[in-house]
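Colleague: Single-letter residue listing:
Number of protein chains: 2
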Amino acid sequence: MKIICKKTDLAKAVQTVSKAVPAKATTSILECLLLRAEKEEITLTGNNLELGIETVMPGNIEEEGSIAIQAKVFGEIVRKLPEGDVVLETGEKDQATVRCKKTKYNLSVKSAEEYTCIPDMERKNHVTISEFDLKEAIRQTIFSVADTSSKKAMTGELWEINGKELKIVALDGHRISLRKIKLKKEYEPRKVIVPGKTLAEIIKIIGGDPEKEIAVYFTENHIQFEIENTRAISRLIEGEYLKVEQLLSKDYGTKIKVQKKELQECIDRASLLLKDDAKKPIILNIEENILSLEAASNMGSMNESMFVVKEGEKLRIGFNPKFLLEMLRVIDDEEVFMYFTSAKTPCTVRDEKDSYVYLVLPVNLSAAA
Amino acid sequence: MKIICKKTDLAKAVQTVSKAVPAKATTSILECLLLRAEKEEITLTGNNLELGIETVMPGNIEEEGSIAIQAKVFGEIVRKLPEGDVVLETGEKDQATVRCKKTKYNLSVKSAEEYTCIPDMERKNHVTISEFDLKEAIRQTIFSVADTSSKKAMTGELWEINGKELKIVALDGHRISLRKIKLKKEYEPRKVIVPGKTLAEIIKIIGGDPEKEIAVYFTENHIQFEIENTRAISRLIEGEYLKVEQLLSKDYGTKIKVQKKELQECIDRASLLLKDDAKKPIILNIEENILSLEAASNMGSMNESMFVVKEGEKLRIGFNPKFLLEMLRVIDDEEVFMYFTSAKTPCTVRDEKDSYVYLVLPVNLSAAA
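Residue numbers (the working numbering), protein chains in the order written: chain A, 106 to 474; chain B, 106 to 474.
Worth flagging that the hints you see were computed from the coordinates, not collected in a lab. Fair warning: this is a prediction, and the values are worked out from it, not measured in the lab. It cannot be assumed that every hint is accurate.
In this list, chains with the same sequence are indistinguishable; a pair is considered to hold if it fits within one copy or across any two.
DSSO-like mimics (lysine-lysine), calculated; alpha carbons at most 27 Å apart, straight line [unchecked claim]:
id	residue 1	residue 2
1	K362	K302
2	K272	K124
3	K112	K380
4	K285	K360
5	K380	K206
6	K112	K309
7	K302	K257
8	K209	K272
9	K415	K366
10	K384	K129
11	K427	K112
12	K380	K207
13	K129	K355
14	K355	K269
15	K117	K144
16	K129	K198
17	K256	K289
18	K362	K111
19	K177	K380
20	K107	K302
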């Protein structure tokens with residue numbers, strides 16, 4: 106194999122596929138990326154068996170062939186090469202050379218045959234979504250995916266397509282995040298659970314341009330994203346996802362409209378006293394058009410108040426400040442509407458267009474005191 | 106005690122003195138800073154018993170008094186307060202309130218009497234140095250201070266004043282860094298060993314303005330820096346410092362002039378292959394006006410060559426790449442002169458004006474192979 110390509114193109118391609126290469130794996134081949142120069146295309150692949158990413162990059166193929174190469178070191182080497190043309194060539198058995206200007210590396214590589222390629226997917230029934238919409242919807246929900254859980258489904262996001270709408274739900278037992286994306290066309294109904302780890306990597310390779318579109322393909326067990334020259338394919342999670350509709354009731358006894366930034370900064374200040382004792386809540390005390398916040402720990406106490414527009418009953422309710430902060434951080438609106446029923450039932454935050462709903466469970470104040 | 110001050114002034118003062126407050130200490134009073142409102146001055150103090158920092162800040166004193174307050178939490182609180190006037194007031198026993206706009210904190214504090222104040226120093230025999238010169242000279246030497254050593258002196262820097270010159274030396278058994286600062290006046294000869302940890306904090310509070318000056322005072326056991334409204338006082342290290350003059354011989358068998366940036370980038374690229382095996386050297390092979398660099402590990406090998414201007418003999422010599430990189434990073438010249446005697450003796454790098462000298466021991470190539 107012998108290829109010649111620009112350093113910047115190679116660096117970008119390696120960076121993209123490395124998102125699917127684990128830093129430490131049980132076998133060294135899993136820490137490699139696959140580089141193929143075949144059929145007039147230079148293709149790089151990373152695959153951790155859950156998520157696979159493949160990208161086609163520009164360059165000249167002087168001799169066809171393929172190798173598997175340690176992704177981390179190769180990525181660092183390519184990134185630090187001088188700007189210019191890179192010549193990558195296989196030499197004796199298990200050796201490859203990388204040359205750029207006066208720099209020459211000789212690297213140990215593995216045979217491409219050892220590498221587990223990513224599956225080819227039947228390319229039909231795809232859904233088209235703008236880069237911007239998809240990137241935002243993932244960012245605005247992924248923080249509430251459970252890292253680990255006895256219920257495997259909770260480590261993923263539910264993606265539900267219904268007509269002209271994609272609904273994304275993430276939940277972890279303390280909270281629910283729900284975002285809706287409007288699609289340009291009508292699609293058949295479909296429901297899948299996408300692993301949170303996959304999505305955490307996918308948002309890193311989505312550009313975020315509102316004019317560019319991503320094609321998303323589904324099969325029974327896989328989801329595939331096509332982002333320009335790159336495709337990423339991930340296993341889906343099997344099983345049943347919690348039905349959230351019944352939890353997201355629109356009844357409420359108290360509703361407030363609050364300045365998001367003011368509330369966020371106040372909770373941030375209150376958390377300083379709470380962070381050594383994660384179980385202590387921040388208390389929201391809703392009076393007539395005044396929201397006062399209180400926090401107390403062995404370091405001291407704080408309180409602060411702000412004007413709000415209130416409807417309904419007065420209420421005193423406690424929350425884990427982290428859950429409120431993570432929610433407020435991803436809401437772009439300047440004003441948010443918070444709905445409460447009682448001190449022991451969840452608070453929901455939703456916009457008037459119903460394009461998002463966040464639900465957070467309260468902390469039992471009598472138990473926390 | 107009751108004071109009113111601007112949030113930004115308070116935040117800056119807390120940040121400055123916190124450099125001398127340990128994050129974790131054996132007694133909780135050591136994690137505090139002292140705040141005094143006395144004699145028409147608001148003074149903050151941090152003191153870890155090795156280094157003490159005191160700063161005077163603007164503000165109005167409504168009632169005199171003093172408290173000791175947990176530095177880390179207080180620093181975070183002040184930083185996150187809204188912009189505006191802060192009112193700090195002592196309340197009941199061991200309580201203080203911090204108010205700013207609609208935010209109010211109640212904090213547990215300690216009696217100022219528990220706090221160990223920093224000593225007042227006899228203010229004579231001071232040396233004046235520009236902020237810029239001092240900050241640069243510390244930055245350009247401190248990386249080669251030993252973190253820990255059986256020889257306590259090696260954990261500090263030797264500061265030697267002789268006439269119109271301040272010479273700063275740092276060494277750790279593998280290398281020596283030496284920088285000279287020209288002073289504006291002539292001073293009496295003096296030799297002290299300043300703790301490396303002190304200097305690491307001091308450079309953070311020095312602004313770096315070439316027009317501003319710092320006064321440095323000495324006593325037998327202490328050094329004091331006066332930087333605008335702030336004074337920092339540190340213990341000196343007792344004992345004898347290694348005499349480096351005899352090691353910094355000007356004899357050489359090989360001399361090269363090399364482009365610093367090119368050499369630095371090349372060593373950086375070579376280190377990628379070496380970092381999993383810290384004992385592997387980078388080899389410099391000096392031929393007729395060509396310097397070639399080689400590195401090899403179980404990951405592979407690399408070589409690269411560059412043009413140099415050479416005088417004297419050919420030479421093949423190995424180094425720990427980290428020591429070369431740390432040295433090159435702090436040299437501002439575009440071209441550096443490297444002097445060698447043999448593959449088993451140190452390499453020195455010095456400028457023609459002799460304002461700096463760096464010495465690095467080689468790695469024994471036959472032992473490393």
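Colleague: Work down the list of hints and note, for each, if the structure agrees.
Modeller: So, going through the hints one by one against the coordinates:
When the C-alpha separation of K362 and K302 is checked against a cutoff of 27 Å, the pair qualifies neither within a copy, at 34 Å, nor between copies, at 51 Å. Only within a single protomer do K272 and K124 lie at most 27 Å apart by alpha-carbon distance; the minimum there is 25 Å, versus 49 Å between protomers. With identical chains, the CA atoms of K112 and K380 are at most 27 Å apart between copies only, with a shortest distance of 23 Å across copies and 45 Å within one. With identical chains, the CA atoms of K285 and K360 are at most 27 Å apart within one copy only, with a shortest distance of 22 Å there and 69 Å across copies.
In this homomeric assembly, K380 and K206 come within 27 Å of each other (Cα to Cα) only across copies, at 23 Å, whereas the closest approach inside a single copy is 52 Å. For a Cα distance limit of 27 Å, the shortest separation of K112 from K309 inside one copy, 21 Å, qualifies, whereas the shortest one across copies, 38 Å, does not. Proximity of K302 and K257 under a CA criterion of 27 Å is satisfied intra-copy only: 12 Å inside one chain copy versus 49 Å between copies. In this homomeric assembly, K209 and K272 never come within 27 Å of each other (Cα to Cα): the closest approach is 51 Å inside a single copy and 41 Å across copies.
Within a single copy, K415 and K366 get their C-alpha atoms as close as 18 Å, which meets the 27 Å cut-off; across copies the closest is 63 Å, which misses it. Taking the shortest Cα distances, K384 and K129 sit within 27 Å of each other only across copies (23 Å), while inside one copy they are farther apart (34 Å). For the identical chains of this complex, K427 and K112 are inter-copy neighbours only, at 26 Å across copies versus 42 Å inside a copy, given an alpha-carbon limit of 27 Å. Proximity of K380 and K207 under a CA criterion of 27 Å is satisfied inter-copy only: 22 Å between copies versus 53 Å inside one chain copy.
Taking identical chains as interchangeable, the C-alpha atoms of K129 and K355 are never at most 27 Å apart, the minima being 47 Å within one chain and 49 Å between chains. For the homomeric pair K355 and K269, the shortest alpha-carbon distance inside one copy (23 Å) is at most 27 Å, but the shortest distance between copies (80 Å) is not. Taking the shortest Cα distances, K117 and K144 sit within 27 Å of each other inside one copy (21 Å), while across copies they are farther apart (62 Å). Taking the closest pair of Cα atoms, K129 and K198 come within 27 Å of each other only inside a single copy of the chain (25 Å); across copies the shortest separation is 55 Å, beyond that limit.
Taking the shortest Cα distances, K256 and K289 never come within 27 Å of each other, neither inside one copy (34 Å) nor across copies (73 Å). Neither within a single protomer nor between protomers do K362 and K111 lie at most 27 Å apart by alpha-carbon distance, with minima of 54 Å and 31 Å respectively. In this assembly of identical chains, K177 and K380 lie within 27 Å of each other by CA distance solely across copies; the values are 12 Å between and 35 Å within a copy. Taking the shortest alpha-carbon separations for K107 and K302, neither the intra-copy value of 35 Å nor the inter-copy value of 52 Å comes in at or below 27 Å.
Violated hints for the displayed structure, listed by number in ascending order: 1, 8, 13, 17, 18, 20.
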